[in-house]
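Colleague: The lines below spell out each chain.
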Amino acid sequence: MRAAVLQFPGSNGDYDALMALRSFPEISAQLIWHQESSLDTYDLILLPGGFSYGDYLRSGAIARFSPIMQAVRRAAEEGKWILGICNGFQILCEAGLLPGVLLRNRHLLFCAGEQIVRVETSNTPFTKTISPKSLLRLPIAHGEGCYFASKETLKELLTNDQVLLRYATAQGMTTSEANPNGSLENIAGICNKERNIFGLMPHPERAFEELLGSRDGRKIIESLLASLHGLIQ
Amino acid sequence: MKARVTIMPQAAVLDPAGVATADALKHLGFEGVRSVRIGKSIELDLEHATEEELHQACRDLLSNPIMEDYHLEIFS
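Protein chains in written order, with our numbering: chain A, 187 to 419; chain B, 39 to 114.
In short, the hints are calculated from the structure, not lab data. Honestly, I wouldn't trust all of these hints.
Computed footprint of chain A on chain B, listed as stretches where at least three residues anywhere in the stretch have a Cβ under 8 Å from a Cβ of chain A [stated by the list, open to error]: (1) 46 to 56; (2) 90 to 104.
Pair ranges (Cβ atoms, derived) [to be verified]: (3) A:F296 with B:A87: 33 to 43 Å; (4) B:L84 with A:A412: 48 to 58 Å; (5) A:M205 with B:I80: 33 to 43 Å; (6) B:S79 with A:G299: 31 to 41 Å; (7) A:G240 with B:A87: 24 to 34 Å; (8) A:E408 with B:K64: 15 to 25 Å; (9) A:F251 with B:R42: 33 to 43 Å; (10) B:P103 with A:W219: 23 to 33 Å; (11) B:G56 with A:G358: 42 to 52 Å; (12) A:E212 with B:T88: 52 to 62 Å.
Where is the CB? At the ideal position from N, CA and C, for every residue including glycine.
Build the full structure now, drawing on both the sequences and the hints.
Modeller: Given below as structure tokens:
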């Protein structure tokens with residue numbers, strides 16, 4: 187699998203994502219600067235976390251106009267896989283590639299720590315090999331992660347099974363206590379209707395080896411590799 | 039030509055900074071505070087622009103219509 191990790195001014199999860207992807211022998215991953223205009227040769231495009239353009243105006247609002255985003259849009263239309271982590275998720279929402287928006291955390295605090303999320307569906311290439319209702323331990327680190335969408339958009343998300351991850355307790359309950367930021371319906375990650383674009387607030391790339399406290403982030407990439415294998419067969 | 043864009047969170051959108059500020063005002067003794075909403079004001083200095091172009095700038099970049107409303111004032 188060929189993967190591109192995009193670099194915007196202010197990205198800070200780019201090297202973590204690169205290292206995580208390169209830990210799989212079957213993935214060749216490269217950094218791509220935001221001024222580039224082509225992503226034709228990649229199967230997976232990863233928008234990493236960080237504070238692109240200082241998060242000026244709104245998180246992700248300015249990065250959305252970077253030249254590379256035209257290529258991301260084209261790749262998305264071609265059905266390539268797009269994975270937006272944290273600030274990457276915010277950029278995808280601002281670009282209209284994912285519905286809704288990420289607001290300031292309800293309690294105004296930056297939340298950082300380990301979080302349990304529940305996988306809601308295996309009907310996407312990103313979660314194909316993860317059983318629904320299984321729990322992942324992933325780090326979170328964000329100040330603007332409170333997912334919000336209009337009633338109509340939320341209804342559409344639920345009808346089309348587009349919610350992939352929800353914040354949950356260790357028992358897998360999606361209570362308000364388990365919700366770190368006030369996110370609508372405990373939503374931690376969603377996909378588009380075509381199911382090839384996935385945005386999430388937690389950081390799977392920071393949960394790639396035991397030393398980091400969890401290896402659960404690998405499951406998302408393993409799922410993509412299995413999906414790619416399925417496509418080739 | 040100058041323009042000012044005032045951007046406010048929509049009524050249905052929670053504004054935690056506004057809520058925190060309202061609480062702080064109450065602590066200060068301003069008992070009469072019902073609510074506080076915090077937005078932003080953007081001032082533009084322009085060589086030239088049509089009103090429609092400015093509205094487009096407001097919709098496409100300066101505000102996010104999913105969570106915010108904007109009000110555009112143009113001063114010649």
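Colleague: Hint says 48 to 58 Å; check whether the CB-CB distance for L84 (chain B) and A412 (chain A) agrees.
Modeller: 53 Å, holds
Colleague: Is 24 to 34 Å a correct range for the gap between the Cβ atoms of G240 (chain A) and A87 (chain B)?
Modeller: At roughly 25 Å between Cβ atoms, A87 (chain B) and G240 (chain A) fall inside 24 to 34 Å, so the hint holds.
Colleague: A range of 33 to 43 Å was offered for this pair. Does it hold for the Cβ distance of F251 (chain A) and R42 (chain B)?
Modeller: For F251 (chain A) and R42 (chain B) the Cβ distance comes to about 22 Å; the hint is violated.
Colleague: For the range 33 to 43 Å, tell me whether the beta carbons of F296 (chain A) and A87 (chain B) fit it or not.
Modeller: Once the Cβ atoms are compared, 37 Å apart, the range 33 to 43 Å for A87 (chain B) and F296 (chain A) holds.
Colleague: Take a look at whether the Cβ-Cβ distance between E212 (chain A) and T88 (chain B) falls inside 52 to 62 Å.
Modeller: Given a distance of about 53 Å, which is inside 52 to 62 Å, the answer is holds.
Colleague: Are there at least three residues in the segment 90 to 104 of chain B whose beta carbon sits under 8 Å from a beta carbon of chain A?
Modeller: holds (count 4)
Colleague: Just tell me: holds or violated, for the beta carbon distance of G56 (chain B) and G358 (chain A) against 42 to 52 Å?
Modeller: The hint (42 to 52 Å, Cβ to Cβ) is violated, given that G56 (chain B) and G358 (chain A) are roughly 34 Å apart.
Colleague: Is the gap between the beta carbons of P103 (chain B) and W219 (chain A) within 23 to 33 Å?
Modeller: Holds - the Cβ-Cβ distance for P103 (chain B) and W219 (chain A), about 30 Å, lies within 23 to 33 Å.
Colleague: Just tell me: holds or violated, for the beta carbon distance of S79 (chain B) and G299 (chain A) against 31 to 41 Å?
Modeller: Hint holds: Cβ distance 35 Å, inside 31 to 41 Å.
Colleague: Using the Cβ atoms, figure out if E408 (chain A) sits within 15 to 25 Å of K64 (chain B).
Modeller: 52 Å, violated
Colleague: If you check the beta carbons of M205 (chain A) and I80 (chain B), does the distance land in 33 to 43 Å?
Modeller: 39 Å Cβ-Cβ, so the 33 to 43 Å window holds.
Colleague: Between the segment 46 to 56 of chain B and chain A, are there enough contacts, at least three residues with CB-CB distance under 8 Å, for the coverage claim to hold?
Modeller: holds (count 5)
In this structure, the hints that do not hold are numbers 8, 9, 11, in rising order.
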